[in-house]
Structure formats: structure tokens, C-alpha cells
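Undergrad: Starting from the known structure of chain P, fit chains C and B onto it as the hints suggest.
Chains as they are written, first to last, in the working numbering: chain P, 63 to 279; chain C, 53 to 298; chain B, 172 to 367.
Hints in this document: simulated from the structure, not taken from any laboratory.
Derived contacts from chain P toward chain C, CB cut-off under 8 Å, selection only: (1) F205; (2) A212; (3) V213; (4) L219; (5) L223; (6) P226; (7) L227; (8) V229; (9) P230; (10) I233; (11) F234; (12) E237; (13) A269; (14) A272; (15) A276; (16) G277.
Here are the simulated lysine to aspartate or glutamate pairs, DMTMM-like style, with alpha carbons at most 20 Å apart: (17) K227(B) <-> D215(B); (18) K64(P) <-> E149(P); (19) K64(P) <-> E245(B); (20) K227(B) <-> D252(B); (21) K67(C) <-> E283(C); (22) K64(P) <-> D252(B).
From the derived model, a few chain P residues whose C-beta atoms are all more than 10 Å from chain B: (23) A86; (24) A104; (25) A165; (26) P173; (27) R215; (28) L225.
Glycine residues also receive a C-beta, built at the ideal position from the N, C-alpha and C atoms.
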Amino acid sequence: MKALLIRDLRLALRSGGGFGLGLAFYLMVVVLTPFAIGPGRAGLTSVAPGILWLAALLAALLTLERLFALDAEDGSLEQLAMAMPLEAAVFAKALAHWLTSGAVLAALGPPLGVLLALPLEGALPLFWALLLGSPALSFIGAFGAALTVAVRRGGLLLSLLVLPLYVPTLIFGAEVARRGAQGLDYQAPLALLAALSLGCVAAMPFAAAAALRAGLR
Amino acid sequence: MHAMGSIWEYANPRKFMGWTGHALPWLWAIGLGLCALGLVWGFFFTGDDFRMGSTVKIIYIHVPAALMAINGYFLMFAAALIWLIRRQPVSALVGRAAAPVGLVMTLIGLVTGAIWGQPMWGTWWAWDPRLTSFLILALFYLGYIALWEAISDQDLAGDLTAMLAIVGSVFAVLSRYAARFWNQGLHQGTSVPVVTGGRTIDDYFFWPLAITMVGFFFLFVALVLVRARTEVRARRLSVLQARQAI
Amino acid sequence: MARGGRRLLSGVSLAVTRGTALSLHGRNGLGKTSLLRVLAGLLDPAEGRLIHDPEKTAYAGHGDAIKASLTVAEMLGFWADLYGAASIEPALLAFDLDAIAGRRGEALSAGQRRRCALARLALVNRPIWLLDEPTAALDQAGQAELCALLSGHLNAGGSALLVTHGAPPIDCPRLDLEAFRATPGEEAGAFAEALE
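Isolated chain P, as found in the complex (with noise of 0.2 Å):
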């Protein structure tokens, strides 16, 4: 599993890994956003946290359509399937996944935070949730991945099936980074989105695995 989590690290941090395009995606929706509602600061700044959270989203899908595609295409996921159970592949795909996208965005949302005028209070929860929310929308990613692995050129249907399934995910998360910018409390809509995280963690893997199953077949 570890070899697998390192091959797939490499993978996308080489050449053409989409790593580097997905934090480039991230930052560009940030530098539009002042172009479409305005540079006035109070705008800005009832907008920011909901930004932040829907472009780190989208970022993550933007690398979602190659994680299965492509090791079906070359024999990669066959040979996967005979080594190890592919549970823990796709355990191991998915958190390579959030350790390339959703762990990365999370350093980057607060210190992107201050083009959109997110107040300083803001930024740890924005953090905190972009790090424990993350990792949901990898393995949640996963499974839409492992449904469209039989489908050419499946990215447009991937985001049709993964977004309403990122809906509790996006509520929770854009939550807890609102009522950080706000300086309210956060605990409760924190623990919620950890919880999720936690469950997608858990169960995700079961279920892409028997949909890349159904797909050898």
C-alpha cells in the first residue's frame, strides 16, 4: 500500500500529474472572483470563506477523472486488482489524491485568503476546514472515479455524479470557515465536517472497489 501511496505521489508530482495545474486552477478562480463581484472589501469578504471552499473543490475534481482512468487504460489496475485487494488501492490512489489536492489547498486557502479580504480570524478555521473537510472530498472523488472508469472520457459525467455528493461536504465546510470569518463559534459545524471526513475515509474505499470490481468484470 505504501508503494502504491509513493508510485502515485511521484506520479503526479512528474510531468503532466496535474498537481501543479490544480493549485494553478485555484489560484486563478481567487484572482477572478474580485473581477466578478467587485474590489469593494465588504463584498469581498461576505463572499471569501464560500469562494475559498467551491474553488478548493473544483480543484480537487480537476485531478479526480485521471485517478482510475488512466491505470485502466495501460494494464496498470488489472495488475493492481491480482497484487493487492483493491480496497487498499484505492485507499492509497485516494490519499495520494488528498495529499497532491485538498492538503495543499489547505495551506494555500488562508494566505490566498487576503486577496478576497478574509479577516485575519478567518484564516485558522478556514484552514481547519479545508484539512479535515479535504479528505472527504478525495474518497468521495474516488468512488465517482471508479464509476466512470468504464466510461471514455468520463469527466464531464464524473462532476455530474460527484457534486450533489459533495453537497454535506461544502455546506459543513464553508460553515465553519463563514462562522470563523465572522469570529462565531465553530466547534459544532468542525466536528460535523471531521465526522463526514472520517465516514468517507471508512467506507469510500468498500464501495469504489466494488465498482472498479463490477468494471474488470
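TA: Quick look at chains C and B alone, frame taken from chain P:
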């Protein structure tokens, strides 16, 4: 299919085509009849609500459609479980057949709700938990239908959509509670709570509503069966074509 | 055994003793690859069962599982880790990959990709090898290396099933699968009743 008279026998494609062929005219007649009765009664023989005026009458379409939208998802969920556990071929097709019907019911619920909400709340749309849940329900239906369309291998499509329906159900429930956490809403409480048996609306409006609800249920079943029969025929056709291709 | 709802082969019964190989033959579309995938545990048979444990098999299919941005040594190292092999030395030796060990997947020719994929077999410590067209894209030297690797495996008590179109890379008995072709009308599936 060893046990005589096992309930699963009715899920055998040939048997399924047989009994649904006999049942469908009855389902259509009962469904259309009850809907007509309930709607005519509701529209022309009940007065206006003292607060809501005549707009209240849209309740006779709104509530049954919303109920069927949710029932459609339950049916998909049940069909998914049966397909994954028992691999009854017809169950996958019933799930596939229920989705578009459920989606249309969801859209009817949303549109009639907007028409009702405008004079009542002064807005076509509000991000109320119930409205939000229904919108998300429509998105789930869309994803399920799109996945069926995207995969050509029918057994694989059945497997994957069934898994999506099950995981989706969990997240649909989660979304519902998350939405409630996120925004306490405008929407009135449920009109006919099934669990408590109590009613928050007057008898006067209740009987026509109950009749249209039963009528919608029969219509829903009839529509799903018609679609499922079409799917069975499509599958038979593809078997025949595969035979030709050898 | 069925593919896409169509019966392909039926009544196949195979036994390969330790230390021997068997070469499977048959025309295109007969179901040779599907048979190997069933034996590898990747595909469920429509009827019947496998007596062996799929965990004991190693499968080399059409896909070479080559990653464009990883070097040959990294890829082999990954599979070695996964299968618990101590080093990638045997794989490098078997197909003379030392010279290209530092080269990335994108820079490999079709033959080199094939060698790299087959070299994986030297890392997998499993007794039954299932090889699908192993000689495709291999040159004379590559075929000789495969032959040496295979005989080493067989001498060590392993066994192998090969699917080939040309001459098998190693001297072994041949089995023509044409005899097991499912007769039309034997279609599986719940909707086959339409055929009556």
C-alpha cells in the same frame, strides 16, 4: 426459482411481462379516475383558504408529486439492493424505469411549489431546507440517468447505477440534515404526517388531497411499469441482435 | 464463459502439471484472452469454478502498465515492493534492462515496453503464469530472453499457460480451443427467453 409460488417468480422477465400486461389497464383506470375525481373535487368543490386564497388549490398537485418524487427514489434504492443481492434482471430495469418518472415528479413538485410560493412568500425561490433537498434530489436523479446512458454494457450499467443509488441515498439523507443545519426554512410543516397520524390541514381539504395522492400513486406505478416493459423489450431485442451477429 | 452477454467457450477443463507449459490456440474472438482473465480471477466464469487459487497466478495481458513519467527502475521497484521481492535485479537481468533502467516510460519503444512488462514476472513469486501474446513486439533476442525466463520458471516447478498466434516461445503441448466453442443458442442471460 425452486420454490413453488415464490414471490421472485414474478420478477422473471416472461412472468413480469405477463402480469404487468394484465395489471396495467387497471392501474391506468384507477390512477386516472382517482386523479380526475380528486382534482375536480379539489378545484371546483372546495372553497378558498381564508389565508391563502385560491392558490391553496395547487396543493392537490404539489403534495402528491412531491410524495412520488421521494417514493421514486425509494423504489430505485430498493431495486438497487435487489439487483445487487439477488441479481433479478428485472429489478435493474425497474430502477432504470423509475428514475425519469421520479425526476419529472420532482420537477413538478419544484415548479408547483414556486407558483405557490410566489404569492405566499413573495418569492419564487428560497433556499429553504425542503426546497434545497428537492433540488438536490433532482440532481441525483440526473446523475443516475446519465450514468445509465453512458455505459453500453447493460449488466455493468446495472451494477454501477445500483451502487450510485445506494451511496446517493446515504448522501441524500445527509444533505437533507445538512441543509436543515445550514438554514432554518420558510416551508410549512408536513401536511399529512404519516408517523403521528395527526393532520395539520382541515378535513375539508384533506379528502380531495388524499384521493389525488392515491391516484398519483397508481399513475406512478403504471408509468414505471410501462417504462420497465419497454426496457425488457429493448433487452430482448439486443439479445436477438447479438444472436444475429454471430 | 461469456463476454458481453454472449457465450464464448463452454466445457473447458484444464489442468497443467508443475513444470510444464501449455499453449492455447484458436482464431480471433474465440475467447482466449477471456479464458486467461477467468483463470486469473479477473473475470467470473458464467458457470463452473476454478480449482486453483487466483492468488497463485501472475498475469501478463495486453496492457503493459507502463507509466510515461516513471523510469523503468522505478516501475520495477514499485512492483517489487508490491509483491515483496527483495530487489529488481532478477528483472533487470532477465531482459537485459540495465541499459534502459534510468529511462522514462515515454521514451521506450514498443518492444522495450513489452520487455519491461514481462520482466515483472521475474519479481512475482507465483507458480502459475498466464501469458497473453507474450511475444508480440518482441525481437529475436527478446524472445530468447523470454524463453530462458520461462524455462527457468518451469524448471523451478512452476507452470504456464500461453496464448500465442505464432510458434510458442518454448517447446510445449498445444491445445486448440475451437473444440470448446459454445454452440449458438446456448446464450446465457435472463432475456435469452426471447430466442424461443
